[in-house]
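**Q** Given next are the chains, with one letter for each unit.
Number of protein chains: 2
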Amino acid sequence: MKTYNNPEIESWNELIQRPVINQKELDQLVNSIIENVKIKGDIALKEYALQFDKVTLNNLVVSTEEIEKAKKLVPQELKDAIQIAYENIYIFHKSQEAAETVIETTNGVKCWRKSVAIEKIGLYIPGGSAPLFSTILMLGTPAKIAGCNEVILCTPPSKDGTINPAILYTADLVGITKVYRVGGAQAIAAMAVGTETIPQVYKVFGPGNQYVTKAKELVQQMGTAIDMLAGPSEVLIIADNTCNPEFVAADLLSQAEHGPDSQVVLLSDNEDILTKCQMAVQRQVQLLPRKEIALKALENSQSIVFNDLEECIEFSNRYAPEHVILASENTNSLINKITNAGSVFIGNYSCESAGDYASGTNHTLPTNGFAKNYSGVSLDSFVKKITFQELSKQGIENIGEAIEIMAEAEGLFAHKSAVTLRLNEIRNDKN
Amino acid sequence: MKTYNNPEIESWNELIQRPVINQKELDQLVNSIIENVKIKGDIALKEYALQFDKVTLNNLVVSTEEIEKAKKLVPQELKDAIQIAYENIYIFHKSQEAAETVIETTNGVKCWRKSVAIEKIGLYIPGGSAPLFSTILMLGTPAKIAGCNEVILCTPPSKDGTINPAILYTADLVGITKVYRVGGAQAIAAMAVGTETIPQVYKVFGPGNQYVTKAKELVQQMGTAIDMLAGPSEVLIIADNTCNPEFVAADLLSQAEHGPDSQVVLLSDNEDILTKCQMAVQRQVQLLPRKEIALKALENSQSIVFNDLEECIEFSNRYAPEHVILASENTNSLINKITNAGSVFIGNYSCESAGDYASGTNHTLPTNGFAKNYSGVSLDSFVKKITFQELSKQGIENIGEAIEIMAEAEGLFAHKSAVTLRLNEIRNDKN
Numbered sequence: 207m208k209t210y211n212n213p214e215i216e217s218w219n220e221l222i223q224r225p226v227i228n229q230k231e232l233d234q235l236v237n238s239i240i241e242n243v244k245i246k247g248d249i250a251l252k253e254y255a256l257q258f259d260k261v262t263l264n265n266l267v268v269s270t271e272e273i274e275k276a277k278k279l280v281p282q283e284l285k286d287a288i289q290i291a292y293e294n295i296y297i298f299h300k301s302q303e304a305a306e307t308v309i310e311t312t313n314g315v316k317c318w319r320k321s322v323a324i325e326k327i328g329l330y331i332p333g334g335s336a337p338l339f340s341t342i343l344m345l346g347t348p349a350k351i352a353g354c355n356e357v358i359l360c361t362p363p364s365k366d367g368t369i370n371p372a373i374l375y376t377a378d379l380v381g382i383t384k385v386y387r388v389g390g391a392q393a394i395a396a397m398a399v400g401t402e403t404i405p406q407v408y409k410v411f412g413p414g415n416q417y418v419t420k421a422k423e424l425v426q427q428m429g430t431a432i433d434m435l436a437g438p439s440e441v442l443i444i445a446d447n448t449c450n451p452e453f454v455a456a457d458l459l460s461q462a463e464h465g466p467d468s469q470v471v472l473l474s475d476n477e478d479i480l481t482k483c484q485m486a487v488q489r490q491v492q493l494l495p496r497k498e499i500a501l502k503a504l505e506n507s508q509s510i511v512f513n514d515l516e517e518c519i520e521f522s523n524r525y526a527p528e529h530v531i532l533a534s535e536n537t538n539s540l541i542n543k544i545t546n547a548g549s550v551f552i553g554n555y556s557c558e559s560a561g562d563y564a565s566g567t568n569h570t571l572p573t574n575g576f577a578k579n580y581s582g583v584s585l586d587s588f589v590k591k592i593t594f595q596e597l598s599k600q601g602i603e604n605i606g607e608a609i610e611i612m613a614e615a616e617g618l619f620a621h622k623s624a625v626t627l628r629l630n631e632i633r634n635d636k637n
Numbered sequence: 207m208k209t210y211n212n213p214e215i216e217s218w219n220e221l222i223q224r225p226v227i228n229q230k231e232l233d234q235l236v237n238s239i240i241e242n243v244k245i246k247g248d249i250a251l252k253e254y255a256l257q258f259d260k261v262t263l264n265n266l267v268v269s270t271e272e273i274e275k276a277k278k279l280v281p282q283e284l285k286d287a288i289q290i291a292y293e294n295i296y297i298f299h300k301s302q303e304a305a306e307t308v309i310e311t312t313n314g315v316k317c318w319r320k321s322v323a324i325e326k327i328g329l330y331i332p333g334g335s336a337p338l339f340s341t342i343l344m345l346g347t348p349a350k351i352a353g354c355n356e357v358i359l360c361t362p363p364s365k366d367g368t369i370n371p372a373i374l375y376t377a378d379l380v381g382i383t384k385v386y387r388v389g390g391a392q393a394i395a396a397m398a399v400g401t402e403t404i405p406q407v408y409k410v411f412g413p414g415n416q417y418v419t420k421a422k423e424l425v426q427q428m429g430t431a432i433d434m435l436a437g438p439s440e441v442l443i444i445a446d447n448t449c450n451p452e453f454v455a456a457d458l459l460s461q462a463e464h465g466p467d468s469q470v471v472l473l474s475d476n477e478d479i480l481t482k483c484q485m486a487v488q489r490q491v492q493l494l495p496r497k498e499i500a501l502k503a504l505e506n507s508q509s510i511v512f513n514d515l516e517e518c519i520e521f522s523n524r525y526a527p528e529h530v531i532l533a534s535e536n537t538n539s540l541i542n543k544i545t546n547a548g549s550v551f552i553g554n555y556s557c558e559s560a561g562d563y564a565s566g567t568n569h570t571l572p573t574n575g576f577a578k579n580y581s582g583v584s585l586d587s588f589v590k591k592i593t594f595q596e597l598s599k600q601g602i603e604n605i606g607e608a609i610e611i612m613a614e615a616e617g618l619f620a621h622k623s624a625v626t627l628r629l630n631e632i633r634n635d636k637n
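Protein chains in written order, with the numbering used here: chain A, 207 to 637; chain B, 207 to 637.
Some hints here could point you the wrong way.
One copy or two, either will do: identical chains are not told apart, so a pair holds if it fits within one copy or between any two.
Unchecked claim - Pairs of lysine-lysine residues, derived as PhoX-like cross-links and limited to a Cα-Cα distance of at most 20 Å, are as follows:
hint: 1; residue 1: 300; residue 2: 591
hint: 2; residue 1: 543; residue 2: 320
hint: 3; residue 1: 543; residue 2: 326
hint: 4; residue 1: 320; residue 2: 300
hint: 5; residue 1: 384; residue 2: 252
Derived from the structure by calculation, the hints contain no laboratory data.
With the sequences and hints as input, model every part of the structure.
**A** Printed below as a string of structure tokens:
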């Protein structure tokens, strides 16, 4: 980790930079994948499976039999753990349901909002070394609560064409309607444009590599909504002398093991604490199976001492991290000062992995400084909020003249006339 | 208007199409504007003002004196009308504030969400024939309620360099911090990247022509959030034999007068009603100052008779209109069937212009079918929702084992270790 001691505020802009990924050259490749899926449909998907996943697929759809078989393969211990996580995620996201309150803004003018599920949702779950069933919980649970009609899932098959049982088990648990063995940019394309087998959806969710991310960016421009553009995962920890340096080190490493481009930042008002945490990191990293990845991530990471905790918070707000951990016993005065963050972990017992799996909050969060202007995934992400208004005769009488005056001032006489005709009819009826 | 009678469901996909605008060629032009603003800052803005707005600007900032002077120029009648609209918009958007409820998902595991204002907001208000002060109300009012620190406004100057007084009056009313005389794609660029004079913001709102829309699309890819990609405005009216055809015609024309590319759709279960509405349109359009624009829009518009109102609603949901008007006295059974729409106007006295100006709902709404997957602007658009979690020792004891099992199953051992260290410490303390 690079260490800085009380850096000048002029240097902060430099320190909050994330690595820049040159995605320009990806544009053409991913665009051609999308076009190809649009034209050739399932055939393109099978060709890409052979090319990228080295697997010949007969059937893109995962059958009911495969799902039933998978359910038997998942150990009971893991099923129980998933159930605990599912329940907490369900409770927290269920609490996000918005009440439909009718507001009478003026006598006779009633307005309200109604949350209506987005009808068709597509989830993408990457393959590779880790079967990210936890992300299925994070996306499938709110989709279920929202009442999305169709929730499909694409995930790349392993070389024998199978899908990890934990993925299939969790998909079934949250009520996903169909699972397809399709990965990469072509999966995003298939869900955005639809193929013979894969239905077109209105919004695509889920993490992925740079090809997947680029595909999400491109389909967004074509009109498919996306959850967010995910960059490398990040944690920023603010630790004071009441922290436990071993815990801090473990949390830093939780982030570092995600990938060599993970962002890890440690702030403190106390240089000794910083040193203790760094030493604990050096010790603990040796024990990790993903040690090489974690060490690479640590190379790009920063430890910074500031004058006081206020300044740590200020820097954190500028950095706008995906995860913030307040590693301290005295967090009360700090919590309300956080203005830019995806998710905040308070105190020495709130490790990031709690939020990653089972506390109930969502782990799909804004990275790359997007916490300044975007929220993480929540129940809101699976609904549209439609507004309604109902004006009685009294209502249009009360606000009609104001509308006429404003419409005329904006030069929109048909807008004015729509009100005038109604007001005239009401006046005539009265006479 | 093109008229269809009970079209086959196979033809619906054709009927719900919006005109396709070829934006590819815009890409290069608008990209070069953004790059130029990035490099040359204020100088670029002044050069574009000369080139596009035919005006030589000395000062981009609108001074306090100009604002004070403008406030005196706005007629009292218009000020009163704006005040009525402002109050209704304020009441409805204030009611959208989310309570911060702490949820204990498991004993000792507390989770909550907090809405935090996006710190820096930029509004764009187009110039041209109509001074859209109503849009300032729609965007500035929720920004004020949210508590956004900095809310700036860019709007193109007229040829003498001035800004319409109603724009300045309304901006002042909603507490906008600074107004700049900059228009077009260069205004969006300036707010996204910042110049010597114009501060960089985190999210840009507001309507505009195809250059402005393209600029919003491009800055979104660069990390600046945007309200939405606005296409031509749309209304879909469902009218039955309890409608007032004169009102329906006036509402269709309110939409048609917006621009030649406005989308107007009329559905009914009753052919006579359709004919009556069309005849009223022909009569009323003759009286409009913007007659030529409205006639052009009507050329591309559709009237469709369906078997029953259910089918009308089904078609409407497929079309996903920005505005839906239920022109009927019997709307109760229809309201809940609407699944895709921006804003809904219920009954014969809820004209679209009520929502455009003063009912209290927002008029910045998803067009072009985006009502399938996007909401209109609301208080939510001006905040991020940050999640928090606080686990006590009891809390991590309750869910720790589940996290360990799940982390191990995903191959993330540092995630597991962060929990194990804490559980061990708690157990050691107990012994």
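**Q** The structure should be examined with respect to each hint, and the outcome stated for every one.
**A** Cross-check of the supplied hints:
When the C-alpha separation of residue 300 and residue 591 is checked against a cutoff of 20 Å, the pair qualifies both within a copy, at 16 Å, and between copies, at 16 Å. In this assembly of identical chains, residue 543 and residue 320 lie within 20 Å of each other by CA distance solely across copies; the values are 12 Å between and 32 Å within a copy. In this assembly of identical chains, residue 543 and residue 326 lie within 20 Å of each other by CA distance solely across copies; the values are 17 Å between and 38 Å within a copy. In this assembly of identical chains, the alpha carbons of residue 320 and residue 300 lie at most 20 Å apart whether taken from the same copy (16 Å) or from different copies (16 Å).
Within a single copy, residue 384 and residue 252 get their C-alpha atoms as close as 18 Å, which meets the 20 Å cut-off; across copies the closest is 55 Å, which misses it.
In the structure shown, no violation is registered for any of the earlier numbered hints.
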